[in-house]
Structures are given as structure tokens and as C-alpha cells.
Amino acid sequence: MGQITLEKVTKKFGDVEVIPPLDLTIQDGEFTVFVGPSGCGKSTLLRLIAGLEDMTTGTISIDGQDATDTPPAKRGLAMVFQSYALYPHMSVRKNIAFPMRMAGIDIAEQNRRIEQAAAALNLTDYLDRRPGQLSGGQRQRVAIGRAIVREPEAFLFDEPLSNLDAALRVGMRLEISELHKRLATTMIYVTHDQVEAMTMADKIVVLRAGHIEQVGTPLELYHTPRNSFVAGFIGSPKMNLITGPEAEKCDAHTIGIRPEHIDVVDGEGLWTGKVGVAEHLGSDTFFHVQDTGLAETITVRAPGEVNYRHGDTITLNPRPDQVHRFDAQGLRIA
Amino acid sequence: MSRSVTKQRKVINTIAAWGIGLLIFFPILWTILTSFKTEATAIADPPVFLFFDWTLENYSVVMERSDYARFLWNSIFIAGGSTILGIIIAVPAAWSMAFVPSRRTKDILLWMLSTKMLPAVGVLYPIYLLFIKMGLLDSRLGLTIVIMLINLPIIVWMLYTYFREIPGEILEAARMDGATLRSEIIYVLTPMAVPGIASTLLLNFILAWNEAFWTLNLTAAKAAPLTAFIASYSSPEGLFYAKLSAASTMAIAPILILGWFSQKQLVRGLTFGAVK
Numbered sequence: 001m002g003q004i005t006l007e008k009v010t011k012k013f014g015d016v017e018v019i020p021p022l023d024l025t026i027q028d029g030e031f032t033v034f035v036g037p038s039g040c041g042k043s044t045l046l047r048l049i050a051g052l053e054d055m056t057t058g059t060i061s062i063d064g065q066d067a068t069d070t071p072p073a074k075r076g077l078a079m080v081f082q083s084y085a086l087y088p089h090m091s092v093r094k095n096i097a098f099p100m101r102m103a104g105i106d107i108a109e110q111n112r113r114i115e116q117a118a119a120a121l122n123l124t125d126y127l128d129r130r131p132g133q134l135s136g137g138q139r140q141r142v143a144i145g146r147a148i149v150r151e152p153e154a155f156l157f158d159e160p161l162s163n164l165d166a167a168l169r170v171g172m173r174l175e176i177s178e179l180h181k182r183l184a185t186t187m188i189y190v191t192h193d194q195v196e197a198m199t200m201a202d203k204i205v206v207l208r209a210g211h212i213e214q215v216g217t218p219l220e221l222y223h224t225p226r227n228s229f230v231a232g233f234i235g236s237p238k239m240n241l242i243t244g245p246e247a248e249k250c251d252a253h254t255i256g257i258r259p260e261h262i263d264v265v266d267g268e269g270l271w272t273g274k275v276g277v278a279e280h281l282g283s284d285t286f287f288h289v290q291d292t293g294l295a296e297t298i299t300v301r302a303p304g305e306v307n308y309r310h311g312d313t314i315t316l317n318p319r320p321d322q323v324h325r326f327d328a329q330g331l332r333i334a
Numbered sequence: 001m002s003r004s005v006t007k008q009r010k011v012i013n014t015i016a017a018w019g020i021g022l023l024i025f026f027p028i029l030w031t032i033l034t035s036f037k038t039e040a041t042a043i044a045d046p047p048v049f050l051f052f053d054w055t056l057e058n059y060s061v062v063m064e065r066s067d068y069a070r071f072l073w074n075s076i077f078i079a080g081g082s083t084i085l086g087i088i089i090a091v092p093a094a095w096s097m098a099f100v101p102s103r104r105t106k107d108i109l110l111w112m113l114s115t116k117m118l119p120a121v122g123v124l125y126p127i128y129l130l131f132i133k134m135g136l137l138d139s140r141l142g143l144t145i146v147i148m149l150i151n152l153p154i155i156v157w158m159l160y161t162y163f164r165e166i167p168g169e170i171l172e173a174a175r176m177d178g179a180t181l182r183s184e185i186i187y188v189l190t191p192m193a194v195p196g197i198a199s200t201l202l203l204n205f206i207l208a209w210n211e212a213f214w215t216l217n218l219t220a221a222k223a224a225p226l227t228a229f230i231a232s233y234s235s236p237e238g239l240f241y242a243k244l245s246a247a248s249t250m251a252i253a254p255i256l257i258l259g260w261f262s263q264k265q266l267v268r269g270l271t272f273g274a275v276k
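Heads up: the protein sequence lines correspond to chains A and B, in order.
This note's numbering puts the first residue of the first sequence at 1, with every later residue one more than the last.
This note's numbering puts the first residue of the second sequence at 1, with every later residue one more than the last.
Check the hints yourself; a few may be wrong.
[Claimed, not checked] Quick list of simulated restraints, FRET-style, between CB atoms:
1. Asp69/A x Val123/B: 40 to 46 Å
2. Lys12/A x Trp260/B: 54 to 60 Å
3. Leu168/A x Leu149/B: 49 to 55 Å
4. Val100/B x Asn122/A: 22 to 28 Å
5. Pro101/B x Ala184/A: 49 to 55 Å
6. Val123/B x His211/A: 40 to 46 Å
7. Pro71/A x Thr115/B: 32 to 38 Å
8. Leu149/B x Gln116/A: 49 to 55 Å
9. Ala184/A x Thr115/B: 58 to 64 Å
Hints were generated in silico from the structure; no laboratory data involved.
All C-beta atoms in this analysis are idealised placements derived from N, C-alpha and C, irrespective of residue type, glycine included.
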């Protein structure tokens, strides 16, 4: 059981308020992702939950118990760090055993859990090696193994994949998602990568400057972003945000249209412009279109191979039912 | 062209390094050589370097006249005891300064070091009085405590520097893994800092071994270590250079051998943080 509730939590470093009053509930078994640009306070929030930082005010409860003043060791949470934070002087086996040793679990049970975790994480052949003799991906798996064997109330992941190369990152992303399906334990995952957030989360918490901008499922955030910040942050490539006369035609300060919701047409279209950069990926083609009469460069995502090159004239048609409208404060207009 | 210049430079550098090394080592070499001379050869003018009648007589006289083993044991007790005691106190101190620094940590570190700038004789009187009151004069325990306190700032500084090199996330991981502060220090921090702690131990053992001011002032017969043993041969009844040299050689031999075998650790200890 790992429901985590934050009530009126604030954090100040000296006079700087990093987290203004914040309320959040993470349901038991949920995979929650904190996402936001660097410096938005997502890691600080995770460290507050872990107990590695003290809150300035507010309360936190884990599984209904007030844990505000509980030291990290007693919160029943396991954490995976960005730098892996393995104990370099211990073998993989001893690294994984460490939390169980601290908890006083008997050796036979320790060994059983180590074998089980090692098998699940493909580490069986590496148990006697030191962390220094492993690759980045293997080290991250050891860190995850060390977290699993504790059988914690919840897992905390602090940007665990950002030190891995792109290919490995995709693989580990899947592994962590599968782990969540298998264990059904609460997981809180911090990342600045919205693709990780979209692919892994049951619930995404978008943060900016310590404020929660929106909480919702990945598709809720994609289809109905609460404001222009969330609209621009979720989705890749970024949503086109257009201001000026084009927006005023729609009775809005800003309109947003995702690159995949703009069609490239042969005949009549709303906007005609010149292709700046064309990115041919095979599966998709991205165009950055200029000189459409709009102030902004328009990004378009066309499925498959579309043969326009740099400098070609291109005609675009946004799908009217996919246009998002925002007011002067950036808030969504229903 | 540039290659030959480098080669020339190398030769000059090597010669210079050897020259400086020999210059620094010369007093020790001269002491060792003198210990094998007769008293007459020892004060001969011009001095004799290598070609004299080598004799072990000074050593046998020194062994006969004084109880070398007792001095040696006192040195080991005091140097070893003060170093171990110092480490036990300094590890938690350096831990808190490195990992939970406060606004005043830097000031405290500097203040601690500033006590080393005070001439020792400045606090001799109060410490002497304290020793009389507490019955610690001429006791190994008293000397161990004083020498530990004298070297403590250096031990804390050295450990602080080593601990700063250990990533804080690893200690946080230990905390998340359920380690208490004690387990965190014993199972995670200390093993990771072993090379640093080892060189701190060595350097402080050497410093304590060579400490003369306090040992001479606070001991008489019972607790006197090897530094007092050397001093006892520079007596007012006349200087016997050869015997004094023999005593000195016997006093420095153990630490010289220890230093020789652990020079890698020592160099690492002294340059840690500077080159990484």
C-alpha cells in the first residue's frame, strides 16, 4: 500500500521559495511522472517525498501515516538516482543485499531475493563484479535491483535514464514499465523528457517554477492542455503556438495546433509558405515552414515520405477541430 | 630540434632533482655515517666522509647505557594511540563538515587550523599545570592525549578533503536503503575513504613519532619516547657526536622503514585533491 499525500508543502532555500504551497495525492500502485523544464523543482519535490530534504512547511503522509518528520530510512521508500549511486567498494551482490542487511533480513531470504532480482534484471552473471566493471545500463539495473529487494511502499526514480545513450534509454524505459506492471507498486518518476513521461506514466504532473501546471493522464494532457505552457511542453515536436490576427479570428489570444494536425495539401489551403528545414525520417517527415504570413515558423509532421525540399513552396491546412484556444493569461478557452 | 631540447631539459631536471634530494637527505645520511665512526673521527677536521674505520661500538654503548626497548615501546604507544584516538574523533567531525555543512563550517575549519599557528610554548604553562593537577605528568596516556589534540586539526582537515571527494548521492542512497548514521559511516563512508584514511593515519603517525616539544617537556623517565632518548645523548657533560648519532639512527630507523614502504600512500595523501 503506497498512497502518498502532500498537503500545503513548501520548500525554501534561504529566501528563495522553490516550492510554493502545493497539494498532491499519488494513488497506490500508480505510475506518476513529474515532468518539467530544468529548475522547475521536480527533483526537489521528489527529495522532499524521500525525506532527503526537509520541508519548510506542510505535511506528507505515506499510506495514511504522517511521515513529515520520519527519516528517509524509515519511510519505506526506495530510490534510484541519476548517478546510480552504487557502493563502489561492494560487489553487485553486496550492493543489492545492502538494504536487506540494514533491515536485518536473514541470509537465506536475502539470497533468495537477490537471485530473483538478478534473474529478472539479467544480472545473474555479474553478481560478483564491482560496479566499476559494469556498463551504464548494467549499473542502472543494479540500482533498480537494490530498490526492488526492499519491497518498498513506493519507488522513487530521479531522472534514472539521463546518463544512458538513446538506444539503451528506450530499452530501460520498457523494462521499468514492465517492472511496474509486474509489481504494481507506486512509482514516482522524475524526468525532463516528455517522451518518457508520455510513454510510461499513468498520471503526469507538469511542473513549472514549483507550481503544478496540470495533473492528468498522458492523453488528457495531450488533448486538453490546461494552458499554453502544458500545450507547448507535452508533445513532440512542440505544438505550434500562434498569436496575432490569426488567433483573433478564433476569438483567442493564442491558438495552438499540433504539427501532426496540420495537413500538407496540393490544392487550396489556409497557409502557404516556404520550407525552411525538412527532416526526412522515413516514417515521418518534419517541415519547418516560414513566410506563411504568420510571425511564427510553423512545424508540420507529415506521415511517411513527403517530397518537399528546402525552399519549396508548400500549402498547409490545419484541422479546425484540433485547434486549441488560449486567453491572454495562457489559460485554455473551452 | 625540439626533441633534443626536451632531452637536454630532462637530463638537467633529473640532475637537479637528484641534487635537491641528496641535499635534503644529507643530514640524515651524515647522522647514519657518523654513528659508525669513533668519537675522534666524528669531530675530525676536515670531516671524513666514507673512508674511516667502521665500528659498531657506539651502538653497543647506547644499548648498554639505556633501555632502548622501553623508549621504542613508548613511542609506538604514544604515536599509535594518538593517531587512532584522533581518527576516531576526526571521522565524525569531518563527516559533518563535509556532508552537512553549516554557514560556519568554513570558519570552524580555519579556526581549527589557526591553532597550529600558535607557538606551542604559548600553551605549555597551562597544560603543564593541568597535567600536574590531573596527575598526568610523565604518563603515556597524558602524552597520547596532548599529541592527539595537537594533530587533530590536521587529521580533520585531511579527512574533510577526502570526504569531500565522495559523492553525496551515495550516502543518500545508503540513507534510503535504511542505514542509520552509524551504519552509513561504518559500511559506506569509511570503506570508500580507506585510501585517504590510510594516508592520514601514516602521516599523523610520523608527525606524532617525531614530536619533541611536548614529549621533552611533559615526560621524564617512565613515559619518555625515542625523541627524549635522542635528547638524553646531547647531555651537558659534553657532546658525544658518534653516540648521539647512533641514538638518532636507532630512533629514526623504524619510522624511516615505515615511510619507505608506504611512500606511495604518503604521496597520494599529501597531493590528494590537488591532482585528480
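The hints, checked one at a time:
1. Distance hint check: the CB atoms of Asp69/A and Val123/B are about 44 Å apart, consistent with the given range 40 to 46 Å.
2. The supplied range of 54 to 60 Å is met by Lys12/A and Trp260/B, whose beta-carbon atoms lie about 55 Å from each other.
3. Taken as a hint, the range 49 to 55 Å holds for the pair Leu168/A and Leu149/B, whose Cβ atoms sit roughly 53 Å apart.
4. Take Val100/B and Asn122/A: their Cβ atoms lie about 38 Å apart, and the range 22 to 28 Å is violated.
5. Separated by about 41 Å at the C-beta atoms, Pro101/B and Ala184/A break the suggested range of 49 to 55 Å.
6. A hinted range of 40 to 46 Å is violated for the C-beta pair Val123/B and His211/A, which are about 58 Å apart.
7. Judged by the Cβ atoms, the range 32 to 38 Å given for Pro71/A and Thr115/B holds: they are separated by roughly 35 Å.
8. Under the hint 49 to 55 Å, the C-beta atoms of Leu149/B and Gln116/A, about 52 Å apart, fit the expected range.
9. In this structure, Ala184/A and Thr115/B meet the distance hint of 58 to 64 Å, their C-beta atoms being roughly 59 Å apart.
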